[in-house]
Amino acid sequence: MTRLRALVRKEVIVLFGSPMAWIALTLVALVTALIFYDHLRIYNQILFLYATSTMGGFESDTVPDYINLRDTVFFPVMETLGITLLGIIPLVTMRVFAEERARGTDELLLTTRLSPGAIVVAKFAVAYAFVTLAMVVSFVYPAMAVSRGGVGVQHLLSVFVGLLLHALAVASIGLVCSAFTKSQLIAAIAGFAAGFVLWDFSWAGPFVGERLFAVLDAISIHPRYGAFSEGVVRVSHLVYFAGLACVAAALARLSFDWRRVAG
Amino acid sequence: MADPRSNRPSDRPSEPRLDRRWQRWLDTPGLGLIGALALAFGAIPVIWTDQLPVFSLVNFAIGTPILLWVLVRGLRRLRNASAASLYRRTLLRGGALVAGALVLAVAAERLAERSGAQFDWSAERLYELSPAILEGLEAVSAQGPIEAFLYRDAFDPRIRSTRLLLGAMSDTGHLEFDERRLDAHPDEEDCFAVGSSNTIVLTLGSGPPCQRRFERVDRPTEGTLFEALFRMRPFDRQTVVVARGAGEGDLQDPGETGYSGLGEALLTEGYRVREIVLAAGDRIPEDADVVLVLAPQRELLPGSLEALDAYLAKGGRLMAFLEPGITTGLEELLSRYGLTSPDAWVVDPASASLEGDAPGLSPLAFRYAARHPATELLSGNQMTLFRGTRAFELRKPEPEDDIDGLVYSSRRGWLADDPSLTETRDPKDPPSDVTTDYQVLVASGRYPRGENEARIVAFGDAHLASNRYLRALFNLDLVMNALHWTAARDSGVTIRPKNGGVSRGLQFPIPLENTLTLFQGLGLLVPQLLLAAGLLTWARTRT
Chain V
3 MTRLRALVRK EVIVLFGSPM AWIALTLVAL VTALIFYDHL RIYNQILFLY ATSTMGGFES
63 DTVPDYINLR DTVFFPVMET LGITLLGIIP LVTMRVFAEE RARGTDELLL TTRLSPGAIV
123 VAKFAVAYAF VTLAMVVSFV YPAMAVSRGG VGVQHLLSVF VGLLLHALAV ASIGLVCSAF
183 TKSQLIAAIA GFAAGFVLWD FSWAGPFVGE RLFAVLDAIS IHPRYGAFSE GVVRVSHLVY
243 FAGLACVAAA LARLSFDWRR VAG
Chain B
487 MADPRSNRPS DRPSEPRLDR RWQRWLDTPG LGLIGALALA FGAIPVIWTD QLPVFSLVNF
547 AIGTPILLWV LVRGLRRLRN ASAASLYRRT LLRGGALVAG ALVLAVAAER LAERSGAQFD
607 WSAERLYELS PAILEGLEAV SAQGPIEAFL YRDAFDPRIR STRLLLGAMS DTGHLEFDER
667 RLDAHPDEED CFAVGSSNTI VLTLGSGPPC QRRFERVDRP TEGTLFEALF RMRPFDRQTV
727 VVARGAGEGD LQDPGETGYS GLGEALLTEG YRVREIVLAA GDRIPEDADV VLVLAPQREL
787 LPGSLEALDA YLAKGGRLMA FLEPGITTGL EELLSRYGLT SPDAWVVDPA SASLEGDAPG
847 LSPLAFRYAA RHPATELLSG NQMTLFRGTR AFELRKPEPE DDIDGLVYSS RRGWLADDPS
907 LTETRDPKDP PSDVTTDYQV LVASGRYPRG ENEARIVAFG DAHLASNRYL RALFNLDLVM
967 NALHWTAARD SGVTIRPKNG GVSRGLQFPI PLENTLTLFQ GLGLLVPQLL LAAGLLTWAR
1027 TRT
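Protein sequences, first through last, are from chains V and B. Residue numbers for the first sequence follow our numbering, beginning at 3 and rising by one. Residue numbers for the second sequence follow our numbering, beginning at 487 and rising by one.
Chain B with its partners taken away, still in its complex shape (with noise of 0.2 Å):
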């Protein structure tokens, strides 16, 4: 028999008290939260350096297994206990209820999901989609299925907005759309030329994706995305033949004087641009669908009116622009088409000054021809900026010709033959003999002749479609929806996405001496006054 005060690991008496009190640890809830602290941490530095360290595999081997123990001890527990009926009753009563919920949450979610309904409180309002790119996936899509994959990184912050956009495109029904990790699929990226995150590829058509026709858009925003959408429009491409020889604007010139913006515009939304030279006696091609005349420094040659004029008499099309100060014959011609335009300078006094010019001669226009195809879509809150603009005089030359004004100034225009005198002058008091008026800065005309239909669209102003000002503001949406008209296009008059994010309506600065201010009024106050509240609810319990 054994000595009961026997210390020896074969005494008998100690082993159920030991097997107890492993018994009672092994059973604490506390053993599940360790297992399941063990996986927390060892998931921190996998989040934080992207590898799987020692510290981590560790923490994993002793957390599973512990979580996996403390499963099974419960459900054994559960099996074999005296009142087992009444706990799996409960459990199962319980279970059902949170196993609905869950079915009935993730049903909702996915259905509200499917629904794509949002709303965009964004400043700039980034997701709401802008008729251009709605347009756009139409048209695409009536080719065949259109598939976006984004291609993304699990850390690249710029997914989140990327992820955005596309849903609200694919929340028009026109295109589904895919993510797919960058490494994920080697064969693809390398036949779309995928090189980092954050990339998006449009795809047309049924098949394997690498034999669909595509467009990578690299640094995906709206406007990006529309000019990819507009790359795999189908139309047939317009020819846009550029007059050279008179100083006219350079449509290569990236300066920002120059009007690449504008070059790069007409190729993307389907054009062909040609240039001649007029003053070398270059005679205007067949082909040509509008003549682009932008903002001659110089008298064209007769040679060269005549040209335009006989153009324009067999049906052609003409978008000229011009420049207060400068004449160059042009305004002749274009009289003769019943848009006269006075050599002086628009003075607005609705406007304000624009780097360092006087007042009122940088118009910010927002009356548009409601009914013109080319303005109509352009509201009154779609501003278009001018710098330095003609106006127009309109009187039909045949009864059947349609003459408009297309854009105007404020009600209180005037005319200033000398824009010096605008330094001197309020703007808002013109000299007595001049008359204040809507004056007209962008004027358009149809003239039916015979079978066919001559077009032109005049600017009083050129620097609107000049690098620094065509994207400001509405300006370049008003170039090309004219420009479309007069390429008798009106299917591509829209309003296209404003690239480049963010507006400058977010960088708006917030005072810093009212930040302090109310951080010291409001930010300390408030948690002070809680403190104090807590210190008063702390004294009275104690007393």
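Chain V extracted, bound-state conformation (with noise of 0.2 Å):
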């Protein structure tokens, strides 16, 4: 348990450590503050445009349904924040296994008597964290807002719940191409390249059968995160989360099993 937490500190160290740790922070903090005000000021521009005087204001019922802060603030930004993310987290996870790799470190690691297994959890439990962090950071503005105006907090609360899983399953998806090379550049693009694989299966509807499309979609990340901007959190999609994190886990171990033998 000591040498488990002395390597989580010494993650923590190296990450914090580094400038970059902080700037990735600063640009997901950043950009969805920009999102988000963006998006808060083109929907009050439309709803007072809707409520004034000439246009019946809102008692006369003239606001369309579709000018509300779902459809028009959680929806879109939700939207441009999960492809921004899937940009923004591989460039924080490409060091995390690739570096060790690249430096002859992770042979250290394995002469400790830390398990494969063990120095795996601690390394996802670090990123984990640090996107978990950037999360909370990068919500404190919009979180505010909302409950400024006195709606939807719960609702809020669910994007919240889908932003940071899908940051932490495209995590899981750049920790494990960071586990199997020791190029960093490598491990940053393809960790964006599977995560905006396995984002949306939309485009594949026209060419596959129905059956594989029910495959594809019931795989892909965008549908259940979807349902989060909707407000609905179902137990179901957590579990797909989880499960997406576990085999991560698993496919991380399996390469450090394999450095350990084939060196």
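Hint data in this document are derived by calculation from the structure and do not stem from the laboratory. Bear in mind the structure is a predicted one, so any value in this text is a computation, not a measurement. Glycine included, each C-beta is placed from N, C-alpha and C at the ideal position. Careful, some of the hints might be misleading.
Calculated from the model, a selection of chain V residues having no Cβ within reach of chain B, i.e. all distances over 12 Å [what the hints assert, rightly or not]: (1) 4; (2) 12; (3) 13; (4) 82; (5) 97; (6) 114; (7) 116; (8) 118; (9) 128; (10) 131; (11) 160; (12) 219; (13) 235; (14) 236.
Output of the computed footprint for chain B on chain V, the stretches with three or more beta carbons under 8 Å from beta carbons of chain B [to be verified]: (15) 18-28; (16) 31-44; (17) 99-113; (18) 166-176; (19) 220-232.
Put the complex together from the two separate chains, hints included.
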């Protein structure tokens, strides 16, 4: 346990000792704030345009149903952020395994009494904690803005849970890619590519049969992620993201084992 | 013997070097990634254009063999390696771990999906099914299996919410649902007349889909699905007779002050509607289950009142809407049945001004008779809106009669003979000679007469049933539940889904100034602090 704690401590120090982590945190927070503010501004403008006395005001039902926080703010913000996170998170996870491999320090790790499983768990835990921190930091402003408006706080929580799980899923994919290569660049690109492909299989709809499409749809991230923006937290979706993390950890461990025997 | 310095193609010493270089290049893991990238980039135009352009075809043609090659090379290396058994053991153990995790994840996800457990955190609680839908599903599924087909286009963003709604309905166990790609089943689409994506077809019974009874829902919301289910429910249609001839409300009028919404609700919930002109001497038909008198604007002729009285005396059922400031003679008839309504406006200080009215004249009611079948489902946070209403004083005509107030104003309600009184007077400060109390806004009575039982429900206001206000708050539920009770169809009493999807709660403006201040205060401050921390870290590592 002490060794595991020491490894976690080392990972945290290495992570936050690098400016890259801070830049990634800044980027996530800034991009979230900008995207959210922009959508909120547009929502307010449209709402006030419809609510002016010349349009009849709020009471006369002239504001169309689709102008609302869910459709005009939460949905588009989540869509844009979802795609943005596909690009940013692999930049954070790319070094986790690949750097150790490139420097050869992974062999040192393997000489400790820690099992490959424990090493993988420690690295995943630190990466997850960082991604969670990034999401929390980036959500301070949207949460304050919406809660001061007095509406949809629970809905916002659902949006946050969705974004957090999506970010953790992208981190899991990025970590697997980092585990299988010693090039950080390849890890980042592969993390982005794999995340992008897994993101949504709607495009395959016209080319594949209905059954195959149902399978593709079932493994893609977007349909589940989208439910959170609707304000629905389904237990099966939580299990999907947890399962994705478990499979990713198993793959990373396989890579570690392979490295131990293949050198 | 060949010259070693020769550059001819047949130069043998150069061949192994070239071969080794190729070998190294072909063994690099980056090659696999190049193949994956080719596939990914080939997919991009397909995603964007919904077509398969040459660019994508070329990328797929390059990416697929490269990935296959990398796979084959990897397997061959594994087979030929000197420590093959160790490799195999590691690979098998790791592979088993990955496969185990995958199987467990899929099994757990499928189990969770089957359980249907979910939390609806949407502000308008869109995916918590209303009692009406649940009852409708139960009643229809008792006739046979219900299957819902969702016809969808792959890129239709509306599918997400429709799928969640159908998922919630499917979780009740009364309905199976299946998604179908638009144009994939042309025969079915023809027989169901499906024309666009995001269309649901509810079918009842087994056998080929086209031979089942079906209802098509083109714009699925909980409300439209409820209406479709209601059309599939088995019930004997009852007859609502609507009295005309004294300026009563028109069930055909689609204007804001008309009552076409109420007319549609009657048809949807299984009533036949028939109009009679009492003033012209029309008799109330024998098969009338309820007579609806909707806010007459003139005095009813004595003959009309006699016809209504005779109908009630035989155990008839009457639902009457009155209006303050208009005397029609109906008040006297109701008074004989214990529902006396003085010609006065209810002033409820708990209600604010609405659309320019003086404050207090549009009561927002939230007190209901908890034990009456018509209102027992309405709770204190399910409000109903009245626009200028009379009150009722209740008195039993006969000991065996049963008279109830269904809806009340707040405790501080009082009656004003003249509505303009409230323009100059604070509703909280009534004249000293009036008493404040809960005012009865809707009253009901049951009158056993021999073998028959007459029923009356009287509303002090008709505006709440007009097109403008019928779908506001819980007005529709109050009006329709009262009608079901009057018609002795208590099974129809329910709380209906709120149609239209989005509540006004989500259209609340978030003040832009606040937002801007917050954006500058938090939206920019947080990244700035993070960047400063990053710079400090960088400076520390350099020193």
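Evaluation of the provided hints:
no.: 1; hint: 4; result: 26 Å, holds
no.: 2; hint: 12; result: 16 Å, holds
no.: 3; hint: 13; result: 16 Å, holds
no.: 4; hint: 82; result: 14 Å, holds
no.: 5; hint: 97; result: 15 Å, holds
no.: 6; hint: 114; result: 19 Å, holds
no.: 7; hint: 116; result: 17 Å, holds
no.: 8; hint: 118; result: 9 Å, violated
no.: 9; hint: 128; result: 16 Å, holds
no.: 10; hint: 131; result: 16 Å, holds
no.: 11; hint: 160; result: 4 Å, violated
no.: 12; hint: 219; result: 9 Å, violated
no.: 13; hint: 235; result: 4 Å, violated
no.: 14; hint: 236; result: 4 Å, violated
no.: 15; hint: 18-28; result: holds (count 9)
no.: 16; hint: 31-44; result: holds (count 8)
no.: 17; hint: 99-113; result: violated (count 0)
no.: 18; hint: 166-176; result: violated (count 0)
no.: 19; hint: 220-232; result: holds (count 4)
Violated hints for the displayed structure, listed by number in ascending order: 8, 11, 12, 13, 14, 17 and 18.
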